[in-house]
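In case you want the letters, here they are:
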Amino acid sequence: MNHDDDAPASQDELREAAELAASLDGRTRAPESLPPALEAAVMAKVAPLLDARRDDDRRRRRRRVALASMGGLAAAAAFALVLSSTLRLSAPRVAVTTPPAPPADLLAVQARVARGGGAAIAALDVEMRSYRRHYHDQLLRRRGGGAP
Amino acid sequence: MKRAASAALVALLALAGCSQRGSADGSDWLAEATRRHALADELLDRGDEPGARAQLVAVVDGRAPRGQLDADDDRRRVLQDTYYRLAGLDLRGQDASGALLHAGRGLTLGGGQDLFVANLLVVRGAAHEARGEAPAAAADFHAALLINEQLLAASLRDAGGAP
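Chains as they are written, first to last, in this note's numbering: chain Z, 950 to 1097; chain B, 13 to 175.
Derived from the structure by calculation, the hints contain no laboratory data. Not one of these hints is a red herring.
One-sided excerpt, in silico: chain B residues whose CB lies under 8 Å from chain Z:
(1) Leu42
(2) Ala43
(3) Asp86
(4) Glu141
(5) Asn160
(6) Leu163
(7) Ala166
(8) Ser167
Calculated from the model, a selection of chain B residues having no Cβ within reach of chain Z, i.e. all distances over 10 Å:
(9) Ala70
(10) Gly105
(11) Gly172
Where a beta carbon is used, it is the ideal one built from N, C-alpha and C, also for glycine.
Make the full structure from the sequences, and use the hints.
Structure (structure tokens):
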């Protein structure tokens, strides 16, 4: 291409230069900035909103952390609960305490009352006392509580 | 938020603690019940019937825990025996209605054909008798006798006195 610097630019050259300038302008344009006179007023309006948004973000982050830790704690407690009931279920059960066989005297007195001898209730009480003591001792021994 | 999490944790741990404590309370209740029965005997020997009654009422009013299934029969027997004693005291005090009430409460606890149920039937029959309710008394005495015969037969069998 033969260029003559002093020669006026052709229409095509002018169009190309304009397109190039426009494209360069679009790519490298600096961010629009506020006129210094307005900057303070705009900042005064925008700053509280920005602060609120920052607070919201911080609160949301804290809530997420708290929820996660609460979930963890609840899971741990539920695990402890399940574990404790599992251990309790697998622990040997207290054996059924078969009460001592009632002695014949006791049964005889009971039969006497049942045949309409209401007066024999006092005798039944006496028989029951010693039977009861025997039964309670047995209960406490089986449960490891010892005699009262 | 952290406070809420701590409260939730404490509540759950307390719940776990309570569920763990059932068996311990069962033994405690039983020990307490037997102690009160022994004390009631002493008080009756000294002629302090109201004092004895108070001890027995404390047994039935106490929270008898339903901890372990196997232990429930023991709990039932001890409670039924206590109701039997209370009904007996009512009868001694000419309070047939009170005796009916206590014997009835004991019988609602269920149970099979054992000495404690037979005692409750006997004392309820006596209460009916005292109120002039002959058919009800006969029914209770009959039911008691049926149990009594079974117990006697078992006792003789165990002693080798019967086939």
